[in-house]
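Asks: This is what each chain is made of:
Number of protein chains: 2
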Amino acid sequence: MDPRTGLPVVGMVGAGQLARMTHQAAIPLGQSLRVLAESPQDGAALVAADVVIGTHTSYEDLLAFAAGCDVLTFDHEHVPTELIRSLAEAGHAVYPGADALVHAQDKAVLREALVQAGIPGPSWSRVSTVDHLVAFGAQHGWPVVLKVARGGYDGRGVWFLSESAAASHVLDGDRAYIVEQRVPILRELAVLVARSPYGQVSVWPIVQTVQRDGICVEVIAPAPELSEEVAGVAATLAVRLAAELGVVGVMAVELFETGHGLLVNELAMRPHNSGHWTIEGSRTSQFEQHLRAVLDYPLGTTTMTAPWVVMANLLGGPDGGMGIDERAHHAMAQWPDVKLHLYGKSSRPGRKLGHVTALGSDLAEVRARAQAAVSYLHQGGHP
Amino acid sequence: MDPRTGLPVVGMVGAGQLARMTHQAAIPLGQSLRVLAESPQDGAALVAADVVIGTHTSYEDLLAFAAGCDVLTFDHEHVPTELIRSLAEAGHAVYPGADALVHAQDKAVLREALVQAGIPGPSWSRVSTVDHLVAFGAQHGWPVVLKVARGGYDGRGVWFLSESAAASHVLDGDRAYIVEQRVPILRELAVLVARSPYGQVSVWPIVQTVQRDGICVEVIAPAPELSEEVAGVAATLAVRLAAELGVVGVMAVELFETGHGLLVNELAMRPHNSGHWTIEGSRTSQFEQHLRAVLDYPLGTTTMTAPWVVMANLLGGPDGGMGIDERAHHAMAQWPDVKLHLYGKSSRPGRKLGHVTALGSDLAEVRARAQAAVSYLHQGGHP
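Chains as they are written, first to last, in numbering that gives the first Met the number 0: chain E, 0 to 382; chain B, 0 to 382.
Derived by calculation from the structure, the hints in this document are not laboratory data.
Keep in mind the model is a prediction, meaning the values are calculated, not measured.
All C-beta atoms, glycine included, are put in the ideal place defined by N, C-alpha and C.
Among the hints, erroneous ones may be present.
[Unchecked claim] Derived Cβ-Cβ restraints for the label pairs, each shown as a range:
hint: 1; chain 1: B; residue 1: GLY198; chain 2: E; residue 2: ARG3; range: 38 to 44 Å
hint: 2; chain 1: B; residue 1: SER345; chain 2: E; residue 2: ASP336; range: 35 to 41 Å
hint: 3; chain 1: E; residue 1: GLN370; chain 2: B; residue 2: VAL114; range: 50 to 56 Å
hint: 4; chain 1: E; residue 1: ARG239; chain 2: B; residue 2: GLU227; range: 47 to 53 Å
hint: 5; chain 1: B; residue 1: GLN370; chain 2: E; residue 2: TYR58; range: 45 to 51 Å
hint: 6; chain 1: B; residue 1: SER85; chain 2: E; residue 2: GLY151; range: 54 to 60 Å
hint: 7; chain 1: E; residue 1: GLN370; chain 2: B; residue 2: LEU362; range: 33 to 39 Å
[What the hints assert, rightly or not] If you only want the chain E side, here are some residues facing chain B, beta carbon under 7 Å, derived:
hint: 8; residue: THR4
hint: 9; residue: SER31
hint: 10; residue: GLN40
hint: 11; residue: LEU45
hint: 12; residue: VAL46
hint: 13; residue: HIS328
hint: 14; residue: HIS340
hint: 15; residue: LEU341
This is chain E alone, in the form it adopts within the complex (with noise of 0.2 Å):
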């Protein structure tokens, strides 16, 4: 409990963007979010008050910085489940917990567990040599897609293989990796849930997500054209599904839509780029819900506060010659009804740096504004 204010305090493990939109929303809550950063030039340690230096795999600075919190959450699923567990057993209340988590940090727990709760995710199987590979492929077809049971993202790990591509690939004798029958897919689709310790669970409408070179460029939301009953389905899957594993805080299930239903992709247990719409686009935002969850407080109404809602990832690029600062005038000039959200972060090509949101009642005018904002951003210019 911080003295000052009377109120529990939150401590999220990493700093990014999540972290970074999560202390913007937790100061109306009366918080002011603590975190563990690796590097003082973190998103989030640009903005927050009470930033602490260390490493999430270090057990000495987690245990360290977890005796100023109430609840501990997360930035990311990077922190090995064997020290988030010893966090739990030295008394502190850690959400999502190690059991929970450790269906977003490796890829065969959870086909493991959608497989047990008869939950539909595509054909799969854990595999550690090039034969058991190309067997798979013979069963379920070419290409295959294999992936590192741990640790990849956006797009890293993965692996699209042909037959041939299969038979010469190269597997790390260290690393776990999963290979999944590659599904013909009508879109992505993806729902978001938050759960509190109590049971409680709300979801927001589910959205549709546009990916390029596996990492996500655009979300919409509410997915266009999807009939209630597909909608209904996704929405009781991922409370199901968030109620069997145990989640606390927000959860991400990305799901392909195809000819004969949804399967689930991947899961994310925290804040997720598929959720930032809801900043604007929702009476409650996934960042203050996730907070609300933690806490154990009652969770927020998710209706949508425009008909459309999208969001653009604007992504590091040539930036036409133009710093961030020119760029940013010129779009707000050009846009003054586009909300611009950066995260304080250098510019690299490919480097998610913030997102655009629009809003309105045409969904055709909706994205062509985000995405029409979102290009000037990233090149400095139009295309």
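Dock chain B against the given chain E, drawing on the hints supplied.
Replies: Coordinates of chain B only, in the frame set by chain E:
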């Protein structure tokens, strides 16, 4: 320019709730508000990364604070004009500047400017003796309103005086006073306007403010049953005043609606309590707009996000034996669609501890919801 982000640095003198909410709005702009706080316990000092402890009446402190900023602005109007002038002469960008800000500091200067601009206000006079006060009342009718020219707020420094009370009132020879005619008013309105150094101006819809004991307790946006004509007069008046006074940043113009039109009551040149509703209720909040204005960025859209938005102030109260954490918990359970804003302050009766915002399409329901939530938070139970 912050070398870490490539963006200019805004410094705010004062670290109360206005600075706290401005920091919240600064985060998505890629900014981190630098605040000059009296104490590390100040509301904004609890949440901002870049806090300097100092006094706003010390030129030394102001100058040291300004050294790290590209633009200086204010959480309050208490910085002496001559210090602002010295900062500007030393080459610092200070918004609003001294020539504008003095109108929010000194009620006599404001009244003179309004007379000169032909903008209506109540009849008034500078007053320095009881004889003068009594003569004013004899001419304009009793009671009269006596105000200290500088430093009064939230009902302090304001007296409603009958003839007998005026005759025995003691004027402090060290202070300047004005006396105003007490006009019969229908209600109080406020217009919020933002202006950039370039001269771009934006206005939010006119709101109704409800006061109790001289303190704002509720703001209704837009002001109910306000004719388009009167709304237009109010907006035009505010835009014209902002331009004539050379305001940069947000300015709130408090108005009396009377049977004979609108009269200007007071000004504030900063984000203002009458604009807290804009955080959720407008596409661009007053805090974001203030930052955009002082940074000379193009201003954002001020479209409302719902037909009706009601803000109710949370004042310190009896608390019903519950801490704020428990009261917030209960309020969130009962009103999942009311947005809570806590300022990180300890409770004292009558102190502004936070506010709530409710939105919707039925004004009576929205008002009732906001009032019920704030009443629960205030009393720790239903009345």
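Asks: Against the structure shown, which of the earlier numbered hints fail to hold, in ascending order?
Replies: none
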